[in-house]
Amino acid sequence: MNNSRQITTLRAAAVISSTIIGIGILSFPRYMADAGGSSAPLVAFTGALISFFSFWLLAALCRRFPKESLFVFSRRLIGRPPAMFFTLIIWLIFLWLTGLTARQFGDVATSVLFNKTPIEATIFLMLLICQLSARRNIIKFSYIHFFYLPLIIGPVLITILISMSDVDLLNLQPVLTAPSASFWKGALEASYLFQSSFIITLLVPFMQLPKQAVRAGAIGIFAAGAVYLLIVIASVGMFGAEETKLLIYPTLETARSAVIGDGFLERLDALFIVIWVISVFTTIYTTYYLAAYLLQNLLAFRDQRMTSSVLLPLVFAIAMLPKNVFETYTWTLLLGKASMILMVGYPALLWAVYGVRRFHKKVIP
Amino acid sequence: MQAWKEKYVSYIKNQKQPSPPPSEPGGEKLSLSLSANLEKLLHGLGQSGDLVVREFLLFGRYQAALVFFSSLVNQEQIQEHILKPLMARSNDHPGLPDKLTELYHYIWNAAVQVTQGTTAEELSALPSEIVKGQLILLTEGSAEALVLDMRQVDTRGVDQPQTEQVIRGPREGYVEKLENNLSLLRYRLQSTDFRIEISPIGSRTQSRVALCYLDSLADPKLVAEAMRRISIIQTDGIIDAGYIEQFIEDQPLSPFPQVQSTERPDKTVAALLEGRVAILVDGSPFALIVPALFNQFFQTIDDYTERFIMGSLIRIIRLIALAFSLFFPALYVSVISFNPELMPTDFAVAISGGRAGVPFPAVLEVLIMEVSMEVLREATIRLPQMIGGALSIVGVLVIGQAAVAAGLASPITVVIVALTTIGSFATPAYNAAIALRMLRFPLILLAGMFGLYGVMIGTILIINHLLFLESFSVPYMSPYIPGKWRDWKDSLVRAPLWWMHSRPSFLHTRDNTRLPASIPGNYTQQILQQGGETNEQFPADHNTAGGSRNQ
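Going line by line, the protein sequences match chains U and C.
Residue numbering for the first sequence follows the numbering used here, beginning at 1 and increasing consecutively.
Residue numbering for the second sequence follows the numbering used here, beginning at 1 and increasing consecutively.
Heads up, a few of these hints could be off.
What the hints assert, rightly or not - Here are the simulated DSS-like pairs of lysine-lysine, each with C-alpha atoms no more than 25 Å apart in a straight line: (1) C:K221 x U:K211; (2) U:K140 x U:K185; (3) C:K40 x C:K29; (4) C:K484 x U:K140; (5) C:K489 x U:K140; (6) U:K140 x C:K221.
Said to hold, decoys possible - Not the full set, but computed from the structure, chain C residues with beta-carbon under 10 Å of chain U: (7) G157; (8) L342; (9) M456; (10) I460; (11) N464; (12) L467; (13) M477.
Note that these hints are calculated values from the structure, not bench results.
For each residue, glycine too, the CB sits at the ideal point set by N, CA and C.
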């Protein structure tokens, strides 16, 4: 009964997908419209492709070591001190990512949705439920994502489908614009949203079929990518690229404009807020879990119960650091760039070492 | 008065020399002297008002004594089936052996009419046998005792279960006596597979605990785990099955019950047939079923005895009631005090109009009403039934009408509280309903502090807790998480019985097929066809039967 390999491919995909769908839902169309104008959907699609490439690099490596997580086998590949160094960097990145995501969430939540709730309380409560949930093992972690995913995707899809009737196809044309610098920049920014798919490194040792890690990621990334793409299409198609650039939270506006019948389902934005909070929870939960796990790994603790508690004040402090929304946004972009370099660079380095060492002496099975 | 004074004096005297601890194995043997044996036995048992020592002449020849507790045995049967044959003169028993060593053999074979009995040589084993309701026959000149089972305890009749009423289904509920309860199970489950493991738990009460399972179905690991958890219970007394429940559940700090308790034999049998394990305790009219999942607490026998569409609809209604009882007051508080823009305008106006005279903030108002509702509920349960009716009328009047008139609550709050209360009564399992009722209060507080966001945080916490829970290594939210689609047939909706070919996979049963796999999906088609055939055959059969009777 207590077989540790319990995570099915579908559940791994659900983890990745519900992790990716998160904080960005509300403002994502604006960035895409900024970057690509009417070809915003194409920007989003390219971003998903880029992130899938980086994911493939990582997952294909993890697949070679089905019994261990990245942080364990990297020690054998490149030696203990360098591996610890990289683990430390990755930990720092996820620590900051958690804090900044929580801050972004707090900013949006207090300014748009829950005006009367102080931002500290908003952020602290969110981090608190992440902390409490991060004490559990990875199997339970996957249960949570698997449970919430339908609750996230279902209502989002319904809202989008309802608003599709208001989409003017003219707003989406021309579909193809010549890829400019801003196009690629936007695509890269979009791919930052997908970075938490790094969680696959923790999932592989518990998957029933570790060989299918890449497939799980493909399903997860493209399901989430499809949701983002549809949101962009709905928003840009409804308001046009120029107006989308002006809206702070285009998705929320889309949900607000969507009406079924004569006011039969009028307040779709209320539904959307609920969904959004849940989707943000799953995202922050993943990065928090990663941070707690990495700290546990660095300190060689038995499990992450202790480290998850230690992290709470730390992450909360980070979330409180930025002075205003603009600072938060700048820091997030910076962090995104840094982590993008690491997420592509580190697996590439490990691949190289793996190739060389396997070629010369068969140390690694 | 005088007799009691003597008792008091002898009690004080006995306190100074405590009676020896009850039966240790390998203790003292019986001696050949009847009076010595009796004296030691009485010393071991202590003095007790219902202890009977009946001395008589066995077959008119030997000095003998019967020792038993009059409160535990059937005295009429002792007179009829034991004393009467044993006191007969020896010439009524032509085969009476001359040797004392063969005497008990003869008594057992030819004299007494009792189904169960043994002989015992150890004196120290006898007191515990007498306490169980056995009857001891000691004879002068014999170093053995005959132990006969004469236990009879009065029991109430099999009655309709009080806590689990059904519209359509059996009206039998458990009673307190273990044998009766087991017979109710055996009667429904006439299978040689049905195993019952009985052992006493509790150092002082020695309550007999029975573990029931179907040998060819239940997962051996589950049975072993249940036995392990029961066997390590260290306590002095088990009064009810609820005691066992608290010792064996996975997560005692959780508000949610992880062991199902039921008063219904039919429900127990259904659980056994799914591959679960049932635990019964002597003296308790409740059976425990493990593993118990969230889903089970919202299912009733009615779901299965009615047709599947009705069953499914009623299940969904119960889930709506559950959502009412948990979320309604919290949502109400958060919407009217934090996010009134989420309401339709007309409704918002109506609500603020109703709340005009109420001096408290919404959260306080709802809390007052909810708490008084809880008090009312508890009072109605505890009161004798004659007064209960009066109380509920007063309660309804006070809470429903007078509170509004006095400006203590707004009419809409009363509506919300009423919906909540009714919703919580629609959950079939009382303990699960209580869990949700109690979780409602933290949610209201969160709503009062943080609005809709607080409610969502609370909800996420509750759901996460449910996802983390396990009952005997089965995830509590099975079959939803981690789901196999096949198991969903009996979850939120109840699929037709002929669709449910297999048992729940999360129970890891040895034999997974409920229906033979050969029955194709279009079962109704098959029934219709067969029905057609029998309809044709029926008149012919009838004719032949009539014909034979005429001959």
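Cross-check of the supplied hints:
Annotation: proposed proximity of K221 (chain C) to K211 (chain U) is violated, straight-line Cα distance about 30 Å (limit 25 Å). Between the alpha carbons of K140 (chain U) and K185 (chain U) the distance comes to roughly 37 Å, so the proposed pair goes past 25 Å and is violated. As the CA atoms of K40 (chain C) and K29 (chain C) are separated by approximately 11 Å, the hinted pair is consistent with the 25 Å bound. A C-alpha spacing of about 16 Å is found between K484 (chain C) and K140 (chain U), which places the hinted pair at or below 25 Å, so the restraint holds.
Restraint check for K489 (chain C) and K140 (chain U): the C-alpha separation of about 24 Å stays at or below 25 Å, so the hint holds. The hinted pair formed by K140 (chain U) and K221 (chain C) meets the criterion: a straight-line CA distance of about 22 Å does not exceed 25 Å. About 41 Å separates the beta-carbon of G157 (chain C) from the nearest beta-carbon of chain U, more than 10 Å, and the hint is not met. Given hint, L342 (chain C) at the interface with chain U, holds; its Cβ is 5 Å from that chain's nearest Cβ, closer than 10 Å.
Because the smallest distance between the Cβ of M456 (chain C) and any Cβ of chain U comes to about 5 Å, under 10 Å, the interface hint for this residue holds. Residue-level restraint check for I460 (chain C) holds (minimum Cβ-Cβ distance to chain U is 6 Å; threshold 10 Å). A least Cβ separation of about 5 Å between N464 (chain C) and chain U falls short of the 10 Å threshold, and the interface hint therefore holds. Checking L467 (chain C) against chain U by beta carbon gives a least distance of about 5 Å; that is within 10 Å, so the hint holds.
This hint holds: M477 (chain C) has a C-beta 7 Å from the nearest C-beta of chain U, less than the 10 Å allowed.
Checked against the numbered hints given earlier, the structure breaks hints 1, 2, 7 and satisfies all the rest.
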